[in-house]
Amino acid sequence: MAAPAFKNALVRWIDHRLPVFTFLQHELHEYPTPKNLSYWWNFGSLAGIVLVVMILTGIFLAMHYTPHTAFAFDSIERIMRDVNYGWLIRYIHMNGGSFFFIVVYIHIFRGLYYGSYKAPRELLWIIGVVILLLMMATAFMGYVLPWGQMSFWGATVITNLFSAIPLIGDGIVTWLWGGFSVDNPTLNRFYSLHYLLPFLIVGAVLLHLMALHRFGSSNPLGIDVKGPQDSIPFHPFYTAKDAFGLGIFLIAFAGVVFFAPNLFGEPDNYIRADPLVTPPHIVPEWYFLPYYAILRAIPNKLLGVIAMFGSILVLFIVPWLDTARVRSAKFRPTYRKFFWVLVVDCVVLGYVGANPPDGWFIVTGQVATAYYFFHFLILMPVLGLVERPLPLPHSISAPVLKPAEGKA
Amino acid sequence: MRRLISAAALLLALATAAEAATGPKPSAQHWSFSGIFGTFDRAALQRGFQVYKENCAACHAALMLSYRDLRGIGYQEDDVKAIAAEAKVMDGPNDAGEMFERPGRPSDKFARPFANDKAARAANNGAFPVDLSMVAKARVAGPDYVYALLTGYGPAPAGMTVVDGMAYNAYFPGNQIAMPAPLNPDGVAYQDGTKMTVEQQAKDVVTFLTWASEPTLEARKQMGVKVLLFLIVFTGILYAAKRKVWAAVH
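So the protein sequences, as listed, match chains C and E.
Quick note: the first sequence uses the working numbering, first residue 1, plus one each step.
Quick note: the second sequence uses the working numbering, first residue 1, plus one each step.
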């Protein structure tokens, strides 16, 4: 960890007293990274960029938004119509939420496929799950702010979940609301927390990065870096690769922001909140639909709430549920198939969550919920013990040098 | 892969089943403002504003619109002043502490037909005429739905009794709507020689209402084309840079 020699005298002067330049040199420039990362490894840095975009657009929206039940809806429309480029800032923020979840869900599934949560990266994974929880809370409260019909009724449904807690449930709900229904105090505190939580996410992201840089990225082969021949410096190799990925992401993002900005939204949220009119179907944002399906799959309210939170909490113990010695699904032919079943299962859950709970949506939702927990609680531990993994390559460089051995 | 395809087929089947339950789907119309390069047809906007003013505004408010916004549909400043001046606006209190009526100004919001929501209900047999400034955005398949609704009146099918004071509409949820058919052939007098059929009026007023729900639509699409062109070229450069940098590794 010798301090690099900087050419600029001022940089040297500062770095001697405050080694920020050395830090950047080590963590962003030299930082040794496996040479075989695929484009699935782009989504971590993408998520970080989206977080910054969300915070920046959010700060500018906050300059024009009014957190009051009588003015919130109008203030959003004022942003859309009269604030210079307000429509742009708001559509970026609104769709940025959806894209944040798309990016993070891909990031999580990548971790599940390649076993990125396995030792020594358990804490890295756990901090990631904490970030997901913070994101969900932030997104939920942000969705309430425009004070449209879905904002109001979504907030009513979700906060009412806490009433399922025996004895103190109703008290907790009143305490959350700051009154006896979702009303102005609720909107005010949600606004306050919606502004606060993203900075907690930033803090969690810094911890996530610290944990990441302790052992470096995992990689598609799931084997450790054995020496300098297996890794390359982060800059310029991964800065260049991430920049290209960012370009592709921005094309998709701009396509939605400019040409289908309400694609992910509910038309009902352009109707002012009315406590006396319940919409025919109350649905959360798309990224919550799988959890919503799990909640409704179980006929008992308390158990439904437990299952819903359990579906995320189970991720915390994934590093110990997975008993396999091999990280990457590339060398686990059976696990690899079940991984895709899980992906389809989550899509089915999302689809069920978007539809009213009747007919065979109920059965489908229950089967998909059961499968979700079966995958993590039973399949993962058992499969890790019984599955015979394919032979691993000797090192990251080996398959590159000798591509003849196997299809890896 | 086969598993994925069969799952996709299952989803498609589910989607079709769900659609059958929600009644007739509004048929997709051709709109001047749809598509990547879509812009509002100015003549249709102004005709639509005329339909709105003469047919809708008697009951429906458009709370989000100001008269000055009409510059966006091609009116000049003097036209806007004249249109605004037709409205009576309650202002005050003046120095004597009294409220007074004055002619509207471009900076005023569109005048409301009723003083409040209760008055609106009282005058309309208990039904509330919804605010129209957002309606094209606040319904599934917005413009197509509003068009289908406006042209969806007709005699009720045999076996269905329509409650007194309600009208049959094929597209309204429940098929009974408190609003009587709002558009009639030759119901408005177009100045530009356009045929005044119900379909034409519906098309024009929906164009106007879509503009009303998002006056920045044109600016958005025009910027979007430039942004996408830039991003595609820039991403190409980034790809070339990535290839060049990585050439040493492979």
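There's no promise every hint is true.
To be verified - With beta-carbon atoms standing in for the labels, derived distance ranges:
1. E:Gln191 with C:Ile106: 42 to 50 Å
2. C:Phe339 with E:Ala28: 33 to 41 Å
3. C:Lys226 with E:Trp246: 40 to 48 Å
4. C:Leu200 with E:Ala247: 37 to 45 Å
5. E:Gln29 with C:Gly48: 38 to 46 Å
6. E:Asn125 with C:Phe373: 30 to 38 Å
Simulated from the structure, these hints should not be mistaken for laboratory data.
A virtual CB, placed ideally from N, CA and C, is assigned to each residue, including glycine.
Each hint tested on the structure:
| no. | hint | in the structure |
| --- | --- | --- |
| 1 | E:Gln191 with C:Ile106: 42 to 50 Å | 55 Å, violated |
| 2 | C:Phe339 with E:Ala28: 33 to 41 Å | 39 Å, holds |
| 3 | C:Lys226 with E:Trp246: 40 to 48 Å | 21 Å, violated |
| 4 | C:Leu200 with E:Ala247: 37 to 45 Å | 42 Å, holds |
| 5 | E:Gln29 with C:Gly48: 38 to 46 Å | 43 Å, holds |
| 6 | E:Asn125 with C:Phe373: 30 to 38 Å | 53 Å, violated |
Violated hints, in rising order: 1, 3, 6; the structure is consistent with all others.
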